[in-house]
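Engineer: Now for the letters of each chain:
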Amino acid sequence: MLAKRIIPCLDIKDGRTVKGVNFVNLRDAGDPVELGAIYSEKGADELVFLDITATHEKRKTLAALARDIAKHLNIPFTIGGGIKSLEDVDVLLESGADKISINSAAVRNPQLIEDLALNFGSQFVVLAVDAKQVDGEWVVHLNGGRLPTERRLLEWVKEAENRGAGEILFTSMDHDGTKAGFANEALAMVSENLSIPVIASGGAGTMEHFYDVFTEGKADAGLAASIFHFQEIEIADLKGYLKDKGVSVRG
Amino acid sequence: MLTIIDYGVGNLTSIKNMLRKGGYHDAIISNKESDIAAAEKLILPGVGHFDYGMGQLRQSGFFEILNKRVLVDKVPILGICLGAQLLTEGSEEGESPGLGWIKGRTVRFRPEKMNTTLKVPHMGWGEIEMSKQSSLLQDLPDSPRFYFVHSYHLQCNNEEDELASCKYGYTFTASVERDNIIGVQFHPEKSHKFGLQLLSNFINKY
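In the order they appear, the protein sequences are chains B and Y.
Under our numbering, the letters of the first sequence match residues 1 to 251, in that order.
Under our numbering, the letters of the second sequence match residues 1 to 206, in that order.
Source of the hints: derived by calculation from the structure; they are not laboratory data.
For clarity, every value in this text was computed on a predicted model and none was experimentally measured.
Glycine residues also receive a C-beta, built at the ideal position from the N, C-alpha and C atoms.
Any given hint might turn out to be false.
[What the hints assert, rightly or not] Reference excerpt, derived from the structure (chain Y facing chain B, CB under 8 Å, subset only):
no.	residue
1	21
2	23
3	110
4	113
5	114
6	116
7	121
8	142
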């Protein structure tokens, strides 16, 4: 059995982890690479780094970050944030990234997914999608959720799969930050309609929520930020819990 | 000296980084024939399309020197992911003949052989089972998990070439070893401590 994956997500601004991290025994709680290394030791299966810096030097900053992470980590990692072009991605691949995630740029220019898949392979391309329910429909949003689009969740992720995306990272904006559980119904719908892995994001608050997302939500991986950063849930405990409940996990 | 062969396919620094973590600093990433000629060990990495990989190997002019080093000089070589697939005689992914050092082919995952339909690519942490004893897998626990990302897998003609298997819908060959030729479908350089152990074994025991 393939293990269900647990993925901490680190938001980065100007080279520092944001959203607050509250770790004891950490020399520098803001250093994303150090934090990533700790998660790796604690049993994280993968890591996602999202750079939310708005800068003209974006490409260089991201590449430097990827190089630094690759040097210190020995689990797969995804890097994203403002990726718009093949050139952006080329630099990241060379810097050692295992996967990149694209979001707004892909909605604006869906051809980008095809170009990336063709040039770097589908396994390298994670399509991130932020959506929330509007009048009972899951509407795709851009720019970190500020801008609604004409796109509907299922239609968009199916198109992304057909265009060559290797994985879907779906964040429910309705659930993000609530700590009340993942959007299991929507996740199951996405997962059942696709043949590529789905990473669930938004709403993790308890260990049970992860059990639910892997069973009801049919997700392949569960992503969370603050519950790990503030040590509300230890990855090792979470894995022990899931294993006891019959979910296949690593370690 | 260990040479990680740079033939323009995929991400090589993570392998070097992992070797360094294991205390081995004598690895180089190189696209020079002389570094293949001088190597005591070789790593053939790679991700991507089979024909592209073979094309790059040919274009780089590494074909003859690789055949000599591996088949005549018996230099230990470790193929990773696409690098492992290239060891076979060919792939369903393309038309190019492979290196042919391992008898068998690379085939696509067969959903019809699976009881329940699973997603392809096989992506994530899969458990491997040893098919025979080998120094490569020493000091690993039972059923260790390694990180996989692939849509095609190896299929050996000779059962005794299979070093390890993995189950995904059905049991497939996850690793091969014949004399000095080794291939792993998974990514040891991304597989945390078990990956480190495997690469250390390749460095120290071959």
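Engineer: Identify whether the interface hint at residue 23 (chain Y) stands, where standing means a beta carbon of chain B within less than 8 Å of its own.
Structural biologist: violated (14 Å)
Engineer: A closest beta-carbon separation below 8 Å is what the hint needs, so does residue 114 (chain Y) meet it against chain B?
Structural biologist: At about 12 Å, which exceeds the 8 Å cut-off, the nearest Cβ of chain B leaves the hint on residue 114 (chain Y) violated.
Engineer: Is the interface hint satisfied for residue 142 (chain Y)? The criterion is a beta-carbon contact with chain B at less than 8 Å.
Structural biologist: Cβ of residue 142 (chain Y) sits 13 Å from chain B, so the hint is violated.
Engineer: Quick check on the hint: residue 121 (chain Y) CB to chain B CB, less than 8 Å?
Structural biologist: holds (6 Å)
Engineer: Next item in the hint list is residue 113 (chain Y). Is there a CB on chain B closer than 8 Å to its CB?
Structural biologist: violated (16 Å)
Engineer: Does the interface hint hold: is residue 116 (chain Y) within less than 8 Å of chain B, judged Cβ to Cβ?
Structural biologist: violated (11 Å)
Engineer: Checking hints one by one. Is residue 21 (chain Y) an interface residue toward chain B, by the C-beta closer than 8 Å rule?
Structural biologist: This interface hint holds because 6 Å falls under the 8 Å limit.
Engineer: Min Cβ distance, residue 110 (chain Y) to chain B: is it shorter than 8 Å?
Structural biologist: violated (14 Å)
Against the hints set out earlier in the document, violations occur for numbers 2, 3, 4, 5, 6 and 8.
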